[in-house]
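Please take these sequences and the hints and turn them into a complete structure.
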Amino acid sequence: MSWLEAVPAALVAVVWCVAPGVVWLRVLGWHGIACWGGAPVVSVALVAVTAVVSGRLGVPWGPLPVVAATVLGAVVLFGIRAAMRQRPRSSGGPAAPSRYVAFLRGGSDGPWSRPALLAGLVVTVALGWLTVVLAFGRVDAISPTYDAVHHYSAVAHILTTGDGSSLTLGELTSPGRPTGYPAAWHDLVALVVLTSGAPIPAASNLMAFAAAAVVWPLGCALLTRQVAGPRAGVLLVAPVLATAFTAMPWLVMTWGVLWPNLLGLALVPAALAAVVAFVMPADDSALSRSSALLLGAVAAPGLSLAHPNAVISLLVLGLSPVAVAAIVSAVRAARAGKRLRTVAGPVGAVALAAGVLWLLAWSPFLASVRAFDWPASMGARDAVLGVLWNGTNGRPPLYVVSVLVLVGAVFALRQARTAWLVPAHLTSAFLYVLAIAREGDVVTALTGAWYNDSYRLAAMVPITGVPLAAIGVTGTVSGLVGVWARRASRPSGSPNMVTVTAAAVTLTAAVLVVASDGFRVGVHAFVVAGTYQREATWMLQPGQRDFLEAAGRAVPTGEVVAANPWTGNALVYPLTGRETMFPHMSGNWTPEQKLIQERLRDAAVDPSVCRAVRATDLKYAIDGPVSYWPWDRRSQGFPGLTDLGRAPGFEPVLSGGGSTLYRITACGAGPARSTG
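So for the sequence shown, the working numbering puts the first residue at 1; every next one is plus one.
Just so you know, the hints here were simulated from the structure itself, not pulled from any lab data.
The C-beta atom is built at its ideal place from N, Cα and C for all residues, glycine as well.
Check each hint, because a few of them may be wrong.
Computed list of lysine to any residue pairs in SDA-like fashion (alpha-carbon distance at most 25 angstroms, straight line) [what the hints assert, rightly or not]:
no.	residue 1	residue 2
1	K594	A647
2	K594	V605
3	K338	A349
4	K594	G645
5	K594	T616
6	K594	E579
7	K338	L357
8	K338	W358
9	K594	G552
10	K338	P281
11	K594	G637
12	K594	P652
13	K594	E559
14	K594	P607
15	K594	P625
16	K594	G530
17	K338	A282
18	K338	G348
19	K594	S608
20	K594	S368
21	K594	C610
22	K594	G668
23	K594	G577
24	K594	T660
25	K594	P639
26	K338	I327
27	K594	E171
28	K338	V328
29	K594	P178
30	K338	R289
31	K338	A326
32	K594	R663
33	K594	R646
34	K594	P630
35	K338	D283
Have a look at the derived ranges for each label pair, beta carbon to beta carbon [as the list claims (entries may be wrong)]:
no.	residue 1	residue 2	range
36	M378	D546	39 to 49 angstroms
37	D283	S377	39 to 49 angstroms
38	V15	W358	53 to 63 angstroms
Spelled out as structure tokens, the structure:
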């Protein structure tokens with residue numbers, strides 16, 4: 001599949017991320033950036049919840065359940081809207097309009113807003129597409145990372161079983177013990193595979209593009225519009241600036257690989273906009289308080305089923321607008337002589353902060369996550385400079401966008417509605433510095449909810465960095481235009497001056513994009529490519545991918561293959577659909593699996609092994625050298641699947657890429673199938 005041939009599949013990925021939400025929100029009467037910025041949150045929640053319901057009902061996962069849920073939900077919402085819009089008069093006269101408009105809309109945007117948003121998105125999508133083309137090399141490039149094996153296998157598991165429920169996906173690595181695992185990412189990738197026919201690796205890459213270049217910029221545009229007001233300039237520059245940071249979305253596309261985190265964090269800006277609209281309402285808000293409450297309610301399951309880290313990030317960042325709103329409310333109440341209200345706001349904010357702190361540091365819900373411990377990898381000074389210049393985790397600094405953030409912070413502190421961005425930004429930066437430069441119980445308590453992983457925390461910084469940078473651009477341009485207007489003795493609010501300001505913002509944005517090489521597209525592509533272009537050395541040996549695809553043709557449909565996942569041969573499942581007994585490097589395996597893992601090669605002389613083979617209906621095994629993390633002791637934990645060629649009872653079927661597919665004959669299996 002070429003990149004040109006991948007365009008329809010990429011559009012399919014975007015449609016699944018946006019279209020269901022647009023349908024529901026348009027039925028409710030939402031429009032403009034509120035609709036398009038909130039749509040991905042609704043879409044992801046709808047897809048993930050539908051997958052859970054479908055799993056409970058026994059309905060196979062695919063496009064049909066999502067389309068049905070979208071249509072059914074739209075009909076219900078239309079009925080609710082009709083009931084709320086009209087209410088009968090008490091006298092029995094004709095129906096009168098209700099106060100429904102407050103539920104539907106926030107402040108209106110000007111005539112330039114939609115063209116500005118569209119232009120910004122077009123530039124962003126183009127830059128994002130160029131980035132992934134340069135980074136991945138080929139559309140179906142495999143991410144040779146630890147977590148990628150699990151994510152690929154999870155999608156294959158959904159396609160094989162027809163069950164995309166987050167309540168049962170954990171069974172992939174805990175057979176016979178259905179456990180929860182956030183499946184929104186995997187559900188969406190499975191939809192792309194089923195709808196477009198793209199293979200799992202290609203569908204995963206295209207979904208990553210959709211999350212990075214569409215979902216994330218739309219959310220950032222909504223958040224920026226909410227805090228900065230109805231200015232077309234912010235809708236133009238915010239989407240472009242969204243892809244200008246390395247830490248998010250590009251670094252999480254290569255580290256881990258953190259695809260579910262990418263999706264979850266891409267939804268946080270829109271959810272944060274809902275928090276801001278609710279606690280700091282304004283006449284020109286993009287969201288009314290009631291619509292913000294609705295979006296927030298939908299965001300809860302959406303973020304949770306994408307990745308719980310996203311919920312934690314939202315809670316932590318949401319403390320800042322809550323605190324600022326409490327302070328503003330207390331000041332106003334004090335001036336009005338309302339003592340109870342003067343105290344209530346700050347007390348509530350402190351209680352909320354205490355609750356979030358308890359969740360981070362002591363909650364039993366996050367105990368297993370806090371057990372992860374990444375050692376400090378750089379000094380505090382380097383960490384601070386890294387986050388200041390947006391070169392986190394040792395990546396190249398981004399001076400242009402960093403200066404814009406600093407300038408934006410100065411402008412933001414001038415107004416209460418934007419001032420909260422600064423402490424929120426500093427909070428993310430502080431947590432990142434703690435995770436990468438310090439160790440100890442306090443660090444674990446504060447950063448453990450993110451696995452004490454500096455990469456996950458660094459990805460939070462652009463959530464507030466984007467609106468700050470956008471405010472920096474528009475604030476600077478507006479200030480310069482205002483100076484020029486005063487010198488030219490022209491009123492700043494005249495139609496001509498509005499046009500001049502719009503043109504100046506557009507020109508400035510264009511100059512910034514060109515002068516910064518597309519906001520360092522080359523750097524972002526280099527960062528992502530640093531992982532993807534190591535497929536042949538980190539995960540698969542030369543020729544091994546072709547071998548696995550041939551093995552899939554040799555193994556009959558429905559048969560299971562055993563292989564040491566550290567050899568890269570576990571990828572036979574996502575590449576061919578032939579289920580592997582060990583779909584990831586680690587898992588809570590059954591006693592039969594553990595016996596096969598340790599002693600399969602002894603099947604000809606150990607009857608207990610054959611009993612396990614028959615119990616699992618295992619007929620094939622793949623043997624090959626450990627290619628991923630050979631220094632890790634866990635990679636040597638599959639002795640039963642090693643040197644099968646020297647053990648009796650294993651008939652070779654085909655070889656390639658340093659690996660060999662065997663048919664197990666030690667337990668009475670028939671002759672090997674001819675591959676033609």
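Against the structure, the hints come out as follows:
1. K594 to A647: Given that 25 angstroms is the threshold and the Cα spacing comes to 19 angstroms, the pair holds.
2. K594 to V605: At roughly 17 angstroms apart (the allowed maximum being 25 angstroms), V605 and K594 satisfy the hint.
3. K338 to A349: Holds - the C-alpha atoms of A349 and K338 are around 18 angstroms apart, at most 25 angstroms.
4. K594 to G645: holds (21 angstroms)
5. K594 to T616: holds (12 angstroms)
6. K594 to E579: holds (17 angstroms)
7. K338 to L357: violated (30 angstroms)
8. K338 to W358: It is violated: about 31 angstroms lies between the C-alpha atoms, which goes past 25 angstroms.
9. K594 to G552: holds (24 angstroms)
10. K338 to P281: holds (20 angstroms)
11. K594 to G637: holds (10 angstroms)
12. K594 to P652: Judged against 25 angstroms, a Cα distance of about 23 angstroms means the pair holds.
13. K594 to E559: Holds, at about 19 angstroms.
14. K594 to P607: Holds, at roughly 15 angstroms.
15. K594 to P625: holds (20 angstroms)
16. K594 to G530: violated (35 angstroms)
17. K338 to A282: holds (22 angstroms)
18. K338 to G348: holds (16 angstroms)
19. K594 to S608: holds (12 angstroms)
20. K594 to S368: holds (23 angstroms)
21. K594 to C610: holds (13 angstroms)
22. K594 to G668: holds (21 angstroms)
23. K594 to G577: The given pair, whose Cα atoms are some 23 angstroms apart, holds under the 25 angstroms limit.
24. K594 to T660: holds (21 angstroms)
25. K594 to P639: holds (11 angstroms)
26. K338 to I327: It holds: about 14 angstroms lies between the C-alpha atoms, which stays within 25 angstroms.
27. K594 to E171: holds (16 angstroms)
28. K338 to V328: Measuring from Cα to Cα gives roughly 13 angstroms; hence the hint holds.
29. K594 to P178: Between K594 and P178 the Cα gap is close to 18 angstroms, so the pair holds against 25 angstroms.
30. K338 to R289: holds (23 angstroms)
31. K338 to A326: Given that 25 angstroms is the threshold and the Cα spacing comes to 14 angstroms, the pair holds.
32. K594 to R663: holds (19 angstroms)
33. K594 to R646: holds (21 angstroms)
34. K594 to P630: holds (20 angstroms)
35. K338 to D283: holds (24 angstroms)
36. M378 to D546: 39 to 49 angstroms: Taking Cβ atoms as reference, M378 and D546 lie about 41 angstroms apart, which means the hint holds.
37. D283 to S377: 39 to 49 angstroms: Holds, at about 48 angstroms.
38. V15 to W358: 53 to 63 angstroms: Hint violated: Cβ distance 41 angstroms, outside 53 to 63 angstroms.
In summary, the numbered hints that this structure violates are 7, 8, 16 and 38.
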